[in-house]
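> Sequence:
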Amino acid sequence: MNSPTVPNGKDAILVVGGGIAGITAACEAAEVGNNVILVEKEAFLGGRVITLHNYFPKLCPPTCGLEINFRRLRTNPRITVLTKAEVTKVAGARGDFDVTIELGAFDPAALTDDEKGYMAAWAPAGAPAREASTIETKVGSIVAATGWTPYDANNLDTLGYAESADVVTNMELERMAASGKIVRPSDGEVPKRIAFVQCAGSRDNNHLPYCSAVCCMGSLKGIRYVRQFLPEAEAQMFYIDIRTIGRHEEFYYELLEDEKVSFTKGKVAKVVPEEGQLEVSVEDTIGGKLLHEKFDMVVLATGVVPNWKDAPIEGADVAVDDYGFIHQGTERTGIYGVGCARRPIDVSRSVKDATAATLRAIQDTRR
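Those letters in the sequence shown? Residues 1 to 367, per my numbering, in order.
Simulated from the structure, these hints should not be mistaken for lab results. Here the structure is a predicted model, which means the values were calculated and not measured. Be careful, since some hints might not be right.
Unchecked claim - Below, computed lysine to aspartate or glutamate pairings styled on DMTMM-like, alpha-carbon distance capped at 20 Å: (1) K294 to E232; (2) K265 to E293; (3) K138 to D98.
Generate coordinates for the entire structure from the input sequences, incorporating the hints supplied.
What follows is the structure in structure tokens.
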């Protein structure tokens, strides 16, 4: 089976990653006349955003923001989309790169139901089966929109994730909400009290020393899910600081007025399964006392880890900071990090970030 035909030339732009930032970059570049190769390692496009129940700033399902961009992709002949594919090697310099792309074998029948649903959002007709192959081509610039992975909650040995199915991550709560119900994973029962534990691994020198920026807003959104799906349930957030973004401060203030929602300032020290519940131990730094509260479920706000950290592209001249985020810097090498590849960032800022970087990438192809 022959490999797909892809753009080849110094006027082409390679976009690595098919999340919201990568899709934005591909569409912006193609709509001003550049040929684009969009490479995504998963079988579907949409990245983390498409797996959410709702997302900021509109708090609507992912399709309400992704749909128009998927349409832009489908209707623009200048964009070649390669899913189940990875860029494995880069050589050359700004304005003149040689790239190697490995296409994985693809069997639509082997996809999970979730993957089929995600794929249908951008490729309603599906995709044909495909054998593995290698593509060698040339491009003028590269946009690295490689996204992020949630910090592995198994590393948080004091927070009970490995000991209890009822300790879940923020992303796992998103999938529950997207499925239409929030229940205790251990027994399928409706939880009456749910704890939200902030900075689960973030702002911690033993794990992620930095603030992951989007976790507070994600947990506030998760509390709204609880109030929507389980109107009789109580939610309590344990936090170091609550950091909301711009006008989203109102989102926090509204929850302060909810009698079934409470906020406790203090970093959780331990979560222990006990007699069918979960005991959360924390120092209430405002009240000045130690708390040992019982809950039916605990949601951990795990941090943002850049994918580039563990999967850099061979030969790519990219500087990273101490945490693995791509450092934009002042020296332009023709490879531009965008979105969460560059720093923890929300959806709207990822889109703006991608647009700005794409303008620079376009300039490199026209030198």
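> Compare the structure with each hint and give your call.
Now the hints, each set against the structure:
1. K294 to E232: Distance of about 17 Å is within 20 Å: holds.
2. K265 to E293: It holds: about 14 Å lies between the C-alpha atoms, which stays within 20 Å.
3. K138 to D98: The hint holds at about 5 Å.
Going through the hint list in order, the structure satisfies each hint without exception.
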